[in-house]
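Residue numbers (this note's numbering), protein chains in the order written: chain A, 1 to 406; chain B, 407 to 518.
Keep in mind the hints are simulated off the structure, nothing from the lab. The structure displayed is predicted, hence computed values, not measured ones. A virtual CB, placed ideally from N, CA and C, is assigned to each residue, including glycine. The reader is advised that the hints may include incorrect statements.
Which chain B residues face chain A? A few, computed with CB under 8 angstroms, are given here [stated by the list, open to error]:
# : residue
1 : I451
2 : Y452
3 : R453
4 : G454
5 : R455
6 : Y457
Here are the simulated DSS-like cross-link-like pairs (lysine-lysine), alpha carbons at most 25 angstroms apart as the crow flies [what the hints assert, rightly or not]:
#  : chain 1 : residue 1 : chain 2 : residue 2
7  : A       : K39       : B       : K440
8  : A       : K38       : B       : K440
9  : A       : K375      : A       : K191
10 : A       : K191      : B       : K440
11 : B       : K496      : A       : K191
12 : B       : K446      : A       : K255
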Amino acid sequence: MVIAVLNSGDTAWMLISTALVILMTIPGLALFYSGLVKKENVLNTLFLSFVAYAVVSVLWFIYGYGAVFGSDIHGIIGIPTNPFFQGVIESHALYGTIPLGLYAVFEMAFAAITVALISGALVERMKFGAWMLFIPLWLTLVYLPVAHWVWGGGWLAQLGVLDFAGGIVVHINSGVAALALVLLLGPRQDKRLFPHQLTYSILGAGLLWIGWFGFNAGSALAAGQLATSAFIVTNTSAAVGLLVWMLIEYLRFGKVTLLGAASGAIAGLAAITPAAGFVNVMSAMVIGFGAAVVSYAAISYIKPRLGYDDALDVFGIHGFSGIWGVLAVGLFASPFINAAGTGLLYGNAHQLAVQALGIAVTFAYSFVVTLVIAKSIDLTIGLRVSSDDEQQGLDLATHDEIAYRI
Amino acid sequence: MKKIVALIRRTKLDVVKSALDEVGHHSMTITEVKGRGKQKGITEIYRGREYQIDLLPKVELMMVVDDADVERVVDTIMHGARTGEIGDGKIFVLPVDDVIRIRTGERGSDAL
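Please put together the full structure from these sequences, using the hints given.
The structure is reproduced here in structure tokens:
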């Protein structure tokens, strides 16, 4: 029997990984989104990420962690046996070779960014109070169950669904929720994408890319071969995604754009997320390639055709690339990289079916429950700001603040 | 006295300023503006969508001068700002009722 002992190398790495993942939300994602909106909405857009991070931080240690990782009830949810995390840190409990508290705070960062990701779809028109109400409701009713199903020993995990760092739990989950929310919220009066400060978005994309090493390589929960492997394939998928998006733009417009390149990188990163600890470099290149293609198609063909105003392409990039990545696990998971996963390429067709199930279940659940939550908020306090406020800009209308003082 | 408002290309501002210095007209106010006329717009691409923008960035140069100096200033600006292509801009000449120097209270041509 192996007795778990605290490994300071693993612990040091996981502490850093946690900080990296938190950096992805504040200010990585916040900046990425805020650069893309009109200047009258930049502060509100930043705020959506910051406040989501803060609310999740608090709720996670009250009951969130326990609901995901506590004792399983029928595969549906966990029991939070230590509300307010009472006694857990004091007990010096371990999770493998790292402190249990560290595992908890690492996972908290994932919950936080999943919620914050949704904000990109609803920018420039949502009531701040409605967003603040949405955060705890969505965290509790959607994130916690789905995370439990996939990572907390719940029923999807029991069926063999593989999601290394959050293709299902983070990207499909948030992408689909974003879609549901914008269908109720309605489109902006001005749907054109005129980034007021693209440089913020690129800064944000850089922070996200670097932070993603904590996200994916940190999901190895140890400082070693698997973390290294995840680190490499994460970077590879991002780089290929960036270059392929550029190629698509070049073929389509004869010009390459920086926003396109950054978007391709993010798509590649989203796609590799579920696969980071299961695939090799070559597969990562294919994954990055596919991510750029599907997300570009989602944004350029599907969104305009269907008409929903997913303002910053949360569903387009995270939803679609997440789905591709989760399926890619079923195709490319190599038992030589990680004994826990074998895909179609290595002779196991079953994994692909299981992955598809995980996607379908999460899609349906996240979509329906998000709709219910959003509708409830709409019927009580209303989701959307007034037309006048939308035109004035939310920084002034909602917060009495302006970002750029002349 | 007349107010001269010139809409010129951004790239021509330095040329025009130097030329005006040489004829002794130093004072001016510059505003960065957007406008359109006969010049074709530009295309911007964001997330796979092309947008046609027909408001182009220009510089607005404003000066107030004595009536006697108007033609010389207008000529100087024109020669400095002209390229011969569509989009060179326009100059407007408007009447001015009075000019006051805030520091001293001088009025009229003395304040120019």
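Going down the list of hints, with the structure as the test:
1. I451: holds, 5 angstroms
2. Y452: holds, 4 angstroms
3. R453: With a minimum Cβ separation of about 6 angstroms from chain A (threshold 8 angstroms), the hint on R453 of chain B holds.
4. G454: holds, 4 angstroms
5. R455: Given a least distance of 6 angstroms, the restraint on R455 of chain B holds.
6. Y457: Holds: closest Cβ of chain A sits about 6 angstroms from Y457 of chain B, inside 8 angstroms.
7. A:K39 x B:K440: With Cα atoms ~17 angstroms apart, K39 of chain A and K440 of chain B stay inside 25 angstroms; holds.
8. A:K38 x B:K440: The given pair, whose Cα atoms are some 17 angstroms apart, holds under the 25 angstroms limit.
9. A:K375 x A:K191: holds, 22 angstroms
10. A:K191 x B:K440: holds, 22 angstroms
11. B:K496 x A:K191: Violated, at roughly 34 angstroms.
12. B:K446 x A:K255: Roughly 19 angstroms between the alpha carbons, so the hint for K446 of chain B and K255 of chain A holds.
The structure fails hint 11 only (numbered hints given earlier).
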